[in-house]
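In my numbering, the protein residues as written are 5 to 105.
Please note that a few of the clues may not be correct.
Derived lysine to aspartate or glutamate pairs resembling EDC-like cross-links, with alpha carbons at most 20 Å apart [claimed, not checked]:
#1 Lys77 - Glu90
#2 Lys69 - Glu90
#3 Lys69 - Glu84
Simulated from the structure, these hints should not be mistaken for lab results.
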Amino acid sequence: MTRGQIRRRMSFSWWQQLVLTLLPLVLANWLFGKSEPLLPGLTMPFFIAGVASMFVTLRFFGPYKHGLIALQKALDTPQEPAAWAELARARYRALLAAGLP
């Protein structure tokens, strides 16, 4: 597989993950956006929990960064396909974690 094909595959997976991450938000807004909140007192705690959940993604940034560095070192070597695969795995895990908040 060429670098261009790998990049296209990773680009497609990014767009796919973006749609899957935002779809529940769009559906919830469409279904419940015009109604009154059920528990208005919990608005701020839910917001704080959402902001705090963003810190979960920090744990996954390191492996992605190391995957990028390893890929840069492995370019034009026999280890390049393995480096691309490892970067794709780290990126997938990071995108899943980023979809939490």
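Evaluation of the provided hints:
With a CA separation close to 13 Å, the supplied pair Lys77 and Glu90 stays within the 20 Å bound. A distance of roughly 11 Å separates the Cα atoms of Lys69 and Glu90; the hinted pair therefore holds under the 20 Å criterion. For the hint pairing Lys69 with Glu84, the CA-to-CA distance comes to about 16 Å; that is within 20 Å, so the pair holds.
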